[in-house]
Amino acid sequence: MLAAFFLMFFHVLFTQTAFAAPAPVKMTIILERQYLDGEVSEETKKETVVSMKDIWKKYKGWQLVNMDDETLVFRKTVNDISPLLKSNGYFGITEDGTLSIFEGKPAHSTRIIQSFFQIDVKKLESRQHKQLKQGIRVVSKSQYEDIIETYRHFALMR
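Residue numbering for the sequence shown follows our numbering, beginning at 160 and increasing consecutively.
Note that these hints are calculated values from the structure, not bench results. A virtual CB, placed ideally from N, CA and C, is assigned to each residue, including glycine. Warning: the hint list may mix true and false statements.
Pairwise CB distance ranges, derived in the manner of DEER restraints [what the hints assert, rightly or not]:
| no. | residue 1 | residue 2 | range |
| --- | --- | --- | --- |
| 1 | LEU243 | VAL280 | 49 to 59 Å |
| 2 | GLN290 | SER246 | 14 to 24 Å |
| 3 | THR207 | ASP255 | 49 to 59 Å |
| 4 | ARG234 | MET316 | 11 to 21 Å |
| 5 | LEU243 | LYS282 | 43 to 53 Å |
| 6 | ASP213 | MET316 | 47 to 57 Å |
| 7 | SER274 | LEU190 | 50 to 60 Å |
| 8 | ARG311 | THR230 | 38 to 48 Å |
| 9 | MET316 | LYS217 | 43 to 53 Å |
| 10 | GLY263 | ASP213 | 16 to 26 Å |
| 11 | THR203 | LEU315 | 49 to 59 Å |
Listed below are the simulated DSS-like cross-link pairs for lysine-lysine, each with C-alpha atoms no more than 25 Å apart in a straight line [stated by the list, open to error]:
| no. | residue 1 | residue 2 |
| --- | --- | --- |
| 12 | LYS264 | LYS185 |
| 13 | LYS245 | LYS212 |
| 14 | LYS289 | LYS300 |
| 15 | LYS205 | LYS185 |
| 16 | LYS235 | LYS217 |
| 17 | LYS235 | LYS219 |
| 18 | LYS235 | LYS216 |
| 19 | LYS245 | LYS185 |
| 20 | LYS204 | LYS235 |
| 21 | LYS219 | LYS205 |
| 22 | LYS216 | LYS245 |
| 23 | LYS245 | LYS235 |
| 24 | LYS205 | LYS216 |
| 25 | LYS245 | LYS300 |
| 26 | LYS245 | LYS205 |
| 27 | LYS185 | LYS212 |
| 28 | LYS235 | LYS264 |
| 29 | LYS292 | LYS281 |
| 30 | LYS217 | LYS245 |
| 31 | LYS264 | LYS292 |
| 32 | LYS204 | LYS216 |
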């Protein structure tokens with residue numbers, strides 16, 4: 160008898176919740192964009208979510224990386240260099256000879272955005288060494304890739 164009561168109770172509960180219109184929920188949506196240079200930008204939005212189906216449709220192409228009752232975090236890998244690099248990135252060389260990208264000109268910057276590999280500076284032409292000391296402005300993805308490939312030939316083998 161008790162089992163029949165519970166069966167009936169759960170049947171009614173399931174039927175009511177399964178066919179009831181979902182109530183809209185206010186959620187925080189965080190969009191993370193991860194760039195080739197390792198930088199991650201984050202955009203936070205407040206949205207009213209009526210259904211998860213709508214969210215999946217709206218953020219198609221994004222990967223859900225975290226969620227709880229109030230927040231959804233989506234990530235997308237962007238096949239480009241970051242806006243930070245485009246606006247203020249310079250290839251340069253550290254004191255130990257590591258090819259790096261600095262925020263600002265290497266001589267005036269203490270913030271390294273990305274490091275690559277150590278260069279055998281003795282193999283560089285004097286003008287190449289001077290360019291790296293002064294800084295080579297990063298302007299595009301193709302230039303970013305070209306510079307890495309050019310200086311890869313001077314990498315110290317470990």
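Check: Looking at the structure, which of the earlier hints fail to hold?
Finding: When the structure is compared with the hints, numbers 1, 4, 5, 7, 10, 11, 12, 13, 19, 22, 26, 28, 30 turn out to be violated.
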